[in-house]
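Listed in order, the protein sequences are those of chains A, B, C, D, E and F.
Using this note's numbering, read the first sequence as starting at 1 and increasing by one per residue.
Using this note's numbering, read the second sequence as starting at 1 and increasing by one per residue.
Using this note's numbering, read the third sequence as starting at 1 and increasing by one per residue.
Using this note's numbering, read the fourth sequence as starting at 1 and increasing by one per residue.
Using this note's numbering, read the fifth sequence as starting at 1 and increasing by one per residue.
Using this note's numbering, read the sixth sequence as starting at 1 and increasing by one per residue.
If you're looking for bench data, these hints aren't it; they were derived computationally from the structure.
There may be inaccurate statements among the hints.
Pairs of lysine-lysine, PhoX-like flavour, derived with a Cα cap of 25 Å [as the list claims (entries may be wrong)]:
1. Lys52(F) x Lys78(B)
2. Lys181(E) x Lys18(B)
3. Lys163(C) x Lys190(C)
4. Lys63(E) x Lys250(A)
5. Lys298(D) x Lys127(D)
6. Lys182(A) x Lys20(E)
7. Lys20(D) x Lys78(E)
8. Lys25(E) x Lys298(E)
9. Lys25(D) x Lys253(D)
10. Lys63(A) x Lys190(A)
11. Lys63(D) x Lys182(F)
12. Lys182(F) x Lys181(C)
13. Lys298(D) x Lys18(C)
14. Lys63(D) x Lys250(F)
15. Lys20(B) x Lys52(F)
16. Lys182(C) x Lys20(F)
17. Lys181(D) x Lys253(C)
18. Lys63(D) x Lys97(D)
No experiment lies behind these values; they were computed from the predicted model shown.
6 protein chains.
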Amino acid sequence: MYLEEPSNSFIRDENDIKIKDLEKKIPLIGIPWDWSTGGRPGARFSPQEIRKELYSLRSDVYKIREIKYGFKDLGNVKVVPGDVDGTSHRIISVAEKAFSEYTPTVFLGGDHSITKNILIGLINFYKKIGLIVFDAHYDLREVNEGLTSGSWLNELLKSYKEKFEVIQIGISDYSNPPYMKKIADKFGIKVFYRDQISEGFDIIFNEIKMIKEKTDGLYISIDMDHLDQSFAPGVNSPTALGMYPDETIKIIKEIVKNVNLLGLDVTEIAPPFDLNNMTSRLAAKLILYTLNYYIGNKNE
Amino acid sequence: MYLEEPSNSFIRDENDIKIKDLEKKIPLIGIPWDWSTGGRPGARFSPQEIRKELYSLRSDVYKIREIKYGFKDLGNVKVVPGDVDGTSHRIISVAEKAFSEYTPTVFLGGDHSITKNILIGLINFYKKIGLIVFDAHYDLREVNEGLTSGSWLNELLKSYKEKFEVIQIGISDYSNPPYMKKIADKFGIKVFYRDQISEGFDIIFNEIKMIKEKTDGLYISIDMDHLDQSFAPGVNSPTALGMYPDETIKIIKEIVKNVNLLGLDVTEIAPPFDLNNMTSRLAAKLILYTLNYYIGNKNE
Amino acid sequence: MYLEEPSNSFIRDENDIKIKDLEKKIPLIGIPWDWSTGGRPGARFSPQEIRKELYSLRSDVYKIREIKYGFKDLGNVKVVPGDVDGTSHRIISVAEKAFSEYTPTVFLGGDHSITKNILIGLINFYKKIGLIVFDAHYDLREVNEGLTSGSWLNELLKSYKEKFEVIQIGISDYSNPPYMKKIADKFGIKVFYRDQISEGFDIIFNEIKMIKEKTDGLYISIDMDHLDQSFAPGVNSPTALGMYPDETIKIIKEIVKNVNLLGLDVTEIAPPFDLNNMTSRLAAKLILYTLNYYIGNKNE
Amino acid sequence: MYLEEPSNSFIRDENDIKIKDLEKKIPLIGIPWDWSTGGRPGARFSPQEIRKELYSLRSDVYKIREIKYGFKDLGNVKVVPGDVDGTSHRIISVAEKAFSEYTPTVFLGGDHSITKNILIGLINFYKKIGLIVFDAHYDLREVNEGLTSGSWLNELLKSYKEKFEVIQIGISDYSNPPYMKKIADKFGIKVFYRDQISEGFDIIFNEIKMIKEKTDGLYISIDMDHLDQSFAPGVNSPTALGMYPDETIKIIKEIVKNVNLLGLDVTEIAPPFDLNNMTSRLAAKLILYTLNYYIGNKNE
Amino acid sequence: MYLEEPSNSFIRDENDIKIKDLEKKIPLIGIPWDWSTGGRPGARFSPQEIRKELYSLRSDVYKIREIKYGFKDLGNVKVVPGDVDGTSHRIISVAEKAFSEYTPTVFLGGDHSITKNILIGLINFYKKIGLIVFDAHYDLREVNEGLTSGSWLNELLKSYKEKFEVIQIGISDYSNPPYMKKIADKFGIKVFYRDQISEGFDIIFNEIKMIKEKTDGLYISIDMDHLDQSFAPGVNSPTALGMYPDETIKIIKEIVKNVNLLGLDVTEIAPPFDLNNMTSRLAAKLILYTLNYYIGNKNE
Amino acid sequence: MYLEEPSNSFIRDENDIKIKDLEKKIPLIGIPWDWSTGGRPGARFSPQEIRKELYSLRSDVYKIREIKYGFKDLGNVKVVPGDVDGTSHRIISVAEKAFSEYTPTVFLGGDHSITKNILIGLINFYKKIGLIVFDAHYDLREVNEGLTSGSWLNELLKSYKEKFEVIQIGISDYSNPPYMKKIADKFGIKVFYRDQISEGFDIIFNEIKMIKEKTDGLYISIDMDHLDQSFAPGVNSPTALGMYPDETIKIIKEIVKNVNLLGLDVTEIAPPFDLNNMTSRLAAKLILYTLNYYIGNKNE
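Next up, chain A with everything else stripped away, as it sits in the complex (with noise of 0.2 Å):
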């Protein structure tokens, strides 16, 4: 009688609402794949830790006043240790799935190669998809052998350049190869630099509506390595002189204003390397204010 299902939570609130006990309704997927990185590996690790970050959380909010929605978690992709097509496959499947019943849809990473195929997942069912990537890194790269997570969207893009329009912030000073900006702008990416961000938010801000315009809905992807090593230090490659998590999220309230949000990943967390858990913390917050302004706007 006096036994419980074991946690570490030890509060006896029985009102103490957290978002695992909200209407599960978003769709979540976790994705442990982090073979195809060439830095440091563990991001496998990853999306367990952003759920036990996320699900303890509650659900108060300033301005918002109290969220309703919580998460439907469908689990993690099946993934194949070390085959790259074998899981490729899986995660383009279980992403056009998941986008054939429901969006947003919400994923977990994993490193950066995930979003190419969870975007491969969704071009079926919209004729343009805006595509907004918080990035350190532009992710452009051609190599010579072997993967790694900073080529996916250069491989997305050989395939599918009709299919979107993209915009990346965050990017960084001195940590990209100086051909990656015309492989960018052979692709007619919006790039906004960290350093650009740090100039105001007009431009980006304008940019972001123009990209509303010109597509069907948005898709937003989260690199956690966009951030300042010190808000963001447990990331497969940390960042000097990354962004400020306030700047990420001003910029992703303007973004979920008035528009079809697809979905939303976030990539590149490497437990092993992380601090008490903040990385993960950080990225759990990141998460519910992108979907929390995103189903507030839709309200209003």
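Add chains B, C, D, E and F to chain A, keeping to what the hints say.
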């Protein structure tokens, strides 16, 4: 002859006045109590860590120039491990005696439940007390059973609502269940969310002005978790997207202007989870800023 | 279709039977209570860490070959944070019920004070209980006030001396005040210092033989701090020059031979201070060895 | 003039001969491949960490007195990230060339899957190869799909059973599913559990004697997780109650007596999880002991 | 054929130009000296950590676009461990030679005492040198005996006051004894406290303008402890409420405009206390920004 | 009234006698000097860490039963940071005075270079001193320039060879350049390698017997790096395959039998690299065992 008190300080500078060398004036009391927390314990070790940082700081300050007064360290409340009633009684007695002799007094927690007992020790001296709490959480929980450091303000106001005007600063989104806001409203607490602070300081400065008019003096309670986890990693419950320390200092500067400052506490630091003793070091500076802006103002 | 329960396990081996997959037979109860400790808290998080390690181990064992039985996890005792009386009552009730249905039962602490309550739950079922405690400390303190996990055995024997025969193994030099030895003598406890173990196993094996003859069954309580700090770093109070795990196992093997094993607990692991989860991983193997040497012996 | 090659070595002793200063003789090859692991990745960083420790050790040894030969460092195999087939091909080619020129050759992993490819590179040179594996795990998994470093020996023996006589040393209780033992039996592997080693060295020494008689030379593969986690914390899968390093050395000493030593590898060190680089430092000494006891024996 | 230089870099992108691949032009010298510090030693390991981060950064920069010049690494000054006079002599000689051949030269400390010797190596080349120091501390101590990295500027100006115009930026409240300010005044140092920077950049920009007019060139010395401890945790003496890196960069940008930049040093990083190599990574970017804004300006 | 001296000790047991509460008899001196090390500095912080562990231990010991004598803490030698001559002079003076008043005296280093100066302070009191050094390294370096804690014994014996008989215990394979052995032979040092200890204690016990006969008293110097890195991780230069603490204690027990013990030092602990303060905790017990086996023997 070549022997000295053992320490880890090796700079041979006889003019290196530290806080511990100043006139012992402002009473300081440690309260190593963390047996009320339902989260990550460890705050019992916090008074010693804060002292270590505090006493090794120096007295040169911009604008104020040179501060004169240090701390009269009264030691730690002799807590009764695991006995909340016995310890509460002692905290109340100690606080009451301290306040009868001098204000402001500084208290080093311990978990946040200590503030309730400190304030009970204060109520007989003033008709109306202004209580300003920096915290990511409301601390207004109703628990079915057992203790939590998240219920102290509820318990205090249930008994002594008429004695206090309360402002809460730094309440964090996704960190509280929604029923909290209703209890805050019921008690007439003025609440400032972290995101509200980001919008500007006018409203809060106005509220601070009003609380000064309505009360006989102010007591400041700082739960270090109101700060962003990258600045305050070593707390029971770290906060992503919390306040920045310069925002806290700006508000404190406004609070201590032309006011009767009754006391100050710093709580919820859990040294076992801290990085490089960062959180205690920051707490030490917050304490010094509060007191010296206060003393500086009085001199004008 | 390509989705699975989220986990951090990625090896696709359908025959990889883990402890969690075995027949759910031996009752296991977590007791996340550390509000009695006067030292470094954190043992409240230990049941979950031990479970994580325990359930992911496998069933192939040298000599025993393949073990058959896993755990019937009854969950955690719903502790009342900060309320020692309320929680003690619950532990006693839960233990009593568990022992009434099956022996041996496994308990995962928590601080060592839980053992007192577990044993109180056991006393009605047997006339004389053999208690074998592995511990660097006597846990026979007399405290003036407040709680400590270092007094449970004193409290237990004060009330129920006639019910128990006690052997203590691993008492560490320089880790106890001298008055302890006198109390141990008063209660007739057979004490084996760590340094005595180093001298040979004959005397202790003889004492084990004798306690079996004098009692109706044995209960084993393992305070992980009896082990050297390089093997068990993550405990409340680490022990330099403690026992080596293979010594412990050798003694356990002798204990569980031809005996009625009533129960087993593992206590005092403080995960926030552990390195690489080493101490919980070791605890998990100690639990399995105890049970399987016991079961193996019965089968013979 | 007062400038030197940058390093972290500041002792100005021109006679301080280090391993890196010895005659460059024994071939050494790094294989930074960990894309096969289904557990905790990071072994890709291990060759560099082992080198760092290895090259800074010195040449004075008890009994052997002064060792003469150092390493001819051939660099790292240029792995193809995420491409198991491409990389396997390269490892085989590199190993084949190395073995054709000199034995023994030293390989620094990487996850344990590299050993399969190294040995494939070796099979054409000898009729019968003795393979001695130190490992807590059988590495004989059958996986439904995907890669794991726990299946390499199964894969190797499926194709080349007749080429190898295999001894496994250090198999850990509760670390393997029971079907492993059956596969080991099927392949005629001589298995020595960790607990069997504790019982005495006679049987294993006898088995070592026999394998020497049956084969043309021995290859030693050391998975560092066969060692107790307090000695080898920085591995993919740490082992509680593993072997002690002095036991390993004692067995190695016996292995390399009067034998044709073909090669040696050290695998499964995951530096991101190591403490103070302890595991790489230990690995470096194991390598040196193996080679120098071998060379020392040949000289006699 | 499939072998390569050992490294921890696995991305196979032949166009991935890194700083180490650029034209070797700007002289860079490591000074691994920390035997003067009276605080937490470890800066002797800093040159290697900064190099590691610096050389692996890339050349794409917002606005500047693609940087052309990398570093001509002259190695480390061969310090004489524990011998301050011998080492000082070497630093001076090395600096003198470097400055005679090229400006600006970059120096990687080491504790802050190295800057005194670097500047002594510089004084013969210019009539008046502008020295801009980023530091939380005045470094103007008078010590009774022994060394400290907190006295170098005092020692320098005592001998060479007439050669320098000095600005100090980032002096931290509660981090200096009050007598420092008087010494600063005596030497005519322009001091900018961290809190003064928060009030706006006009005054400091004006002062920077004036120092350019009064001198023949500027030397910048960056003590990493002027930055907030959440951005620069790995320093001898961490600073709570320190400057933010973007403030530093904004000021540096102003400093290097239309000026003759003589040199730059980064000091006081203590890698043993760093988190995730964060402080060295940030230092590397500060160095690159300084040089490239400088070079970029010259080109205009 | 409910206030007490601040501490981190919360067990309310008035009979909990700790080492700090015993009769203050055995002189203890800290020597926080690490400016001679060419390796990883940090030993300057070691005296305080050892004290913290030492004074909180208790007085119950197996066989000896209850120890009576504690330490007369004379404080720390007031080192002159960075000044080896000034500090050496002070260490010699302090040691000389201490030895003139009482033996044995305990010294807490500091790097190992302190032992030279302690022993110089001792030479005038005795005709022939037996020096027993536990160390993984010979400490007989000849350096071209600069300091190192690895040369002290060479320097000492060059000047005072005739005053000392020396035994070195625990010399580690692969940890010394071969020329060391020759110097040891030249000075007639009896050397016991770690691997020799593994072979049995007879030879070393015999050598200990002989040194007692040849000298007027023994001094024991313990460099903690003679212990295996899993037991002593927090040292300047950690040793893989080092000695086990129980071996050290066994030898110490033999050393202090029927002898005139002159002094004892513990050196080379570098707390910044320690794990859980493990190495200081072990050092504290080694000190207590040495002294109490000594005192216990005298009583017999």
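Results of checking the hints against the structure:
Taken as a hint, the Lys52(F) and Lys78(B) pair is honoured in the structure, with Cα atoms around 21 Å apart against an allowance of 25 Å. Between Lys181(E) and Lys18(B) the CA atoms are separated by roughly 15 Å; this keeps the pair inside 25 Å, and the hint holds. With a C-alpha separation of about 15 Å, the suggested pairing of Lys163(C) with Lys190(C) holds against the 25 Å cut-off. Simply put, Lys63(E) and Lys250(A) have alpha-carbon atoms about 24 Å apart, close enough for the 25 Å limit, and the pair holds.
Among the hinted pairs, Lys298(D) with Lys127(D) is consistent with the structure: their alpha-carbon atoms are about 22 Å apart, no more than 25 Å. With a CA separation close to 22 Å, the supplied pair Lys182(A) and Lys20(E) stays within the 25 Å bound. Distance restraint check for Lys20(D) and Lys78(E): the Cα-Cα separation of roughly 20 Å lies within the 25 Å cut-off, and the hinted pair is therefore satisfied. This hinted pair checks out: Lys25(E) and Lys298(E) have alpha carbons roughly 16 Å apart, not beyond 25 Å.
For a cut-off of 25 Å, the pair hint linking Lys25(D) to Lys253(D) stands: about 21 Å separates their Cα positions. Of the pairs offered as hints, the one joining Lys63(A) and Lys190(A) is violated, with about 32 Å between alpha carbons and a cut-off of 25 Å exceeded. Between Lys63(D) and Lys182(F), the direct Cα distance comes to roughly 14 Å. Compliance with the 25 Å bound is thereby established for this hinted pair. Simply put, Lys182(F) and Lys181(C) have alpha-carbon atoms about 52 Å apart, too far for the 25 Å limit, and the pair is violated.
About 46 Å separates the Cα atoms of Lys298(D) and Lys18(C), which puts this hinted pair outside 25 Å; it is violated. Straight-line distance between C-alpha atoms of Lys63(D) and Lys250(F) comes to about 24 Å, which keeps the hinted pair within the 25 Å bound. Simply put, Lys20(B) and Lys52(F) have alpha-carbon atoms about 21 Å apart, close enough for the 25 Å limit, and the pair holds. A threshold of 25 Å between alpha carbons decides the hint, and for Lys182(C) with Lys20(F) the separation of about 22 Å falls inside it, so the pair holds.
With a C-alpha separation of about 23 Å, the suggested pair Lys181(D) and Lys253(C) falls inside the 25 Å cut-off, and the hint holds. Distance hint between Lys63(D) and Lys97(D) is unfulfilled; the C-alpha atoms sit about 34 Å from each other, more than 25 Å.
Violation of the numbered hints given earlier is confined to hints 10, 12, 13 and 18; the remaining hints are satisfied by the structure.
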